[in-house]
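Fit chain B to the supplied structure of chain A, relying on the hints for placement.
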Amino acid sequence: MFSQIIINSLISGAIYALLALGFNLIYNSTKFFNLSHGTVGVAGGYVVYGLAQLWGWNFYLSLLIGLLSAGALGWFLNYFVFSALRRQKASNMTMLVASLGLFTILQALITIIFSSQFQILNQSLPQIYSLANASITQIQIIIILVTLLVAGALLLLLKKTLFGKMVRALSDDEGVAKIVGLNTEKIIGWVFFIGSAIAGLAFIFQGLDSGLEPSLGLGLLLKGVIAAIIGGVGNVYGSFVGAFLLAFVENFGIWKIAAEWKDAIAFALLVIFLLFRPQGLMKR
Amino acid sequence: MNKTSKIVIALIAVLVIILGVVAARRAPRQSTVQTANAKEPVKIGFIGPLSGDAVNIGLNAKAAVGIAVDEVNQAGGINGRPLEVIYEDGQCSGQAASNAANKLMNVDKVSAILGGLCSSETMSFTAAANNAQQVVLSPCSSAPAITNAGDYIFRDYPSDSYAGKFAADYIYNTLGKKKTALLYVKSDWGEGIAKVFVDSYQKDGGQIVANEGYEQNSTDLRTQLTKIKAANPDMLYFVGYTEASIAGIKQAREIGLTVPMMGADAWDDATIWSKVGASGEGAMYAVIYAPMNDTFRAKMAAVVGNSEVTTCSPQAYDGLKILAQVMNQVGTDPTAIKNALYKVQYNNGVSGQSIAFDQNGDLVNASYVVKVVHNGQAVNKQ
Numbered sequence: 000m001f002s003q004i005i006i007n008s009l010i011s012g013a014i015y016a017l018l019a020l021g022f023n024l025i026y027n028s029t030k031f032f033n034l035s036h037g038t039v040g041v042a043g044g045y046v047v048y049g050l051a052q053l054w055g056w057n058f059y060l061s062l063l064i065g066l067l068s069a070g071a072l073g074w075f076l077n078y079f080v081f082s083a084l085r086r087q088k089a090s091n092m093t094m095l096v097a098s099l100g101l102f103t104i105l106q107a108l109i110t111i112i113f114s115s116q117f118q119i120l121n122q123s124l125p126q127i128y129s130l131a132n133a134s135i136t137q138i139q140i141i142i143i144l145v146t147l148l149v150a151g152a153l154l155l156l157l158k159k160t161l162f163g164k165m166v167r168a169l170s171d172d173e174g175v176a177k178i179v180g181l182n183t184e185k186i187i188g189w190v191f192f193i194g195s196a197i198a199g200l201a202f203i204f205q206g207l208d209s210g211l212e213p214s215l216g217l218g219l220l221l222k223g224v225i226a227a228i229i230g231g232v233g234n235v236y237g238s239f240v241g242a243f244l245l246a247f248v249e250n251f252g253i254w255k256i257a258a259e260w261k262d263a264i265a266f267a268l269l270v271i272f273l274l275f276r277p278q279g280l281m282k283r
Numbered sequence: 000m001n002k003t004s005k006i007v008i009a010l011i012a013v014l015v016i017i018l019g020v021v022a023a024r025r026a027p028r029q030s031t032v033q034t035a036n037a038k039e040p041v042k043i044g045f046i047g048p049l050s051g052d053a054v055n056i057g058l059n060a061k062a063a064v065g066i067a068v069d070e071v072n073q074a075g076g077i078n079g080r081p082l083e084v085i086y087e088d089g090q091c092s093g094q095a096a097s098n099a100a101n102k103l104m105n106v107d108k109v110s111a112i113l114g115g116l117c118s119s120e121t122m123s124f125t126a127a128a129n130n131a132q133q134v135v136l137s138p139c140s141s142a143p144a145i146t147n148a149g150d151y152i153f154r155d156y157p158s159d160s161y162a163g164k165f166a167a168d169y170i171y172n173t174l175g176k177k178k179t180a181l182l183y184v185k186s187d188w189g190e191g192i193a194k195v196f197v198d199s200y201q202k203d204g205g206q207i208v209a210n211e212g213y214e215q216n217s218t219d220l221r222t223q224l225t226k227i228k229a230a231n232p233d234m235l236y237f238v239g240y241t242e243a244s245i246a247g248i249k250q251a252r253e254i255g256l257t258v259p260m261m262g263a264d265a266w267d268d269a270t271i272w273s274k275v276g277a278s279g280e281g282a283m284y285a286v287i288y289a290p291m292n293d294t295f296r297a298k299m300a301a302v303v304g305n306s307e308v309t310t311c312s313p314q315a316y317d318g319l320k321i322l323a324q325v326m327n328q329v330g331t332d333p334t335a336i337k338n339a340l341y342k343v344q345y346n347n348g349v350s351g352q353s354i355a356f357d358q359n360g361d362l363v364n365a366s367y368v369v370k371v372v373h374n375g376q377a378v379n380k381q
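Chains as they are written, first to last, in numbering that gives the first Met the number 0: chain A, 0 to 283; chain B, 0 to 381.
Isolated chain A, as found in the complex (with noise of 0.2 Å):
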């Protein structure tokens, strides 16, 4: 059973650093609480759904136009609504209200076009590997690998690249970044559009591996934030630690405690780290 809760605890830790990792890196760059960054992913996800499902099109090229239409969402959203809201200096109560907003249409229109039922990405029974007393599917191997190598990727991005670079100088003062000469806006374009196709990458993920609902939009991104705030905002590194712990966390502390408390264990978590250390695990 411990090896079972362990492989638990790198599955739902890979979904949480998954959108961790997006939140992270559009806050860093944006510096407001993007509630609609879940549900954008959740829409991806049902991109997915409608194509390989409903009209039977190639599954990996349904993933493909998934991540790419969740990233296009993202970028969408900040152009008509978050970038015209940063002209108007407006505060980040303002654009978290906004982006509440966003979340409740897109939620609901997931729900209008798909119904509100609980679908599963792909029906047939998975390839399960047994690995010292504990259980894990193909598709988990693959969701905990990827995750790995989309942290690694994200982490040359941004320290290797010029792109990288340039996000760097925008999280750390977005003014001096105008003033060098940087385009703000299209650097946070392109923010909005990584982030997006990451969290779009957890969501095809959590509908592959138990489903998709279209509620999941706020409380896995939730789980993320969380994530994000224990590991420390702003660094890369410390979402990604920081998911892994909560999931641990979680995933141990309901071994003895009843299971329905998973979520409470999750905020106590979070409650005690902003009380002791709020500046998270790893500093900026």
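Careful, some of the hints might be misleading.
[Said to hold, decoys possible] With a straight-line Cα cutoff of 25 Å, these simulated SDA-like cross-link-like pairs (lysine to any residue) come out: (1) A/Lys-255 with A/Ile-5; (2) A/Lys-255 with B/Gln-206; (3) B/Lys-108 with B/Asp-150; (4) A/Lys-255 with B/Lys-194; (5) B/Lys-185 with A/Ala-83; (6) B/Lys-102 with A/Ser-115; (7) B/Lys-5 with B/Ile-17; (8) B/Lys-185 with A/Ile-119.
Honestly, the hints are just simulated from the structure, not real lab data.
Okay, now just chain B, sitting in the frame of chain A:
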């Protein structure tokens, strides 16, 4: 507060008082207008999950009610007045159902409410309905607590004090499993059955090796299933609604939990078995035995588009017919309807041969049948 604000507030207060007086004076006149007009439709409210969890069961029941209404109207309505049903979405949630009930009682002024389907729906408004002396007939809610919900509350669906006991006895005696793990949804329905199941199973002599609950909208039951697997049961009794059951059944097989599974009446929903595929092979569930007849089945197939008649649809059809039968005798006064319901004898129903209510408004008898899933289809277990 400056002067302008005070004036505005005073004006609003005066406006509210005037509107209140007008509305109060209008009310008695409205009801006299209604009873004077013999062609005014008789209105019954329906509350059920028309979206969200258990939507398939809700829509199927709505179809059954629609068929019943057409038949009543073709036979002349209620003493010559057409029967009309107002459908409200309870979303299998207490909050939505409570709002729906308030609207039906206070805005639409229905003569009776047929609903809710989910126990959580029904239990959210029975107190208010009973206090307002409004008749409620639930065709699906099985939580034991509803037995004592009040004088005006009835149901033509058996209480889970039967269902939990039936499952416990079946697992212990017929299947011969002595160590069962319990996984249940934390809703009025799930907790009701779970409690009865645990009591009955232990009284039979069985051992509950694991007892795990989950929040109604969870779709990740892996942790509970991991703990259950570690407890080494030889049977799993899984009380859940559609969405969590789809996730749970798949996840159970994925983590290597291979013991047989049995569920409760909410598993009588074909969407579960079509979605879980091979993971659902051999799963069993106990459901109320409803005799039905070919005419009913044919009409349902014509409306729904397939041959599925989910649990509660026969009861919803009979429920509406019972209300119509009673209203034909005594009219639309709720207290008269209530008194007549306690004495009603309804025969040749599609959900039972003869239906009558005991002093608590519950059915006097119930019989269950066990179904098993093979290749995505549920069939009666031999």
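query = So which hints don't hold here, by number, going up?
reply = Structure breaks hint 5 only.
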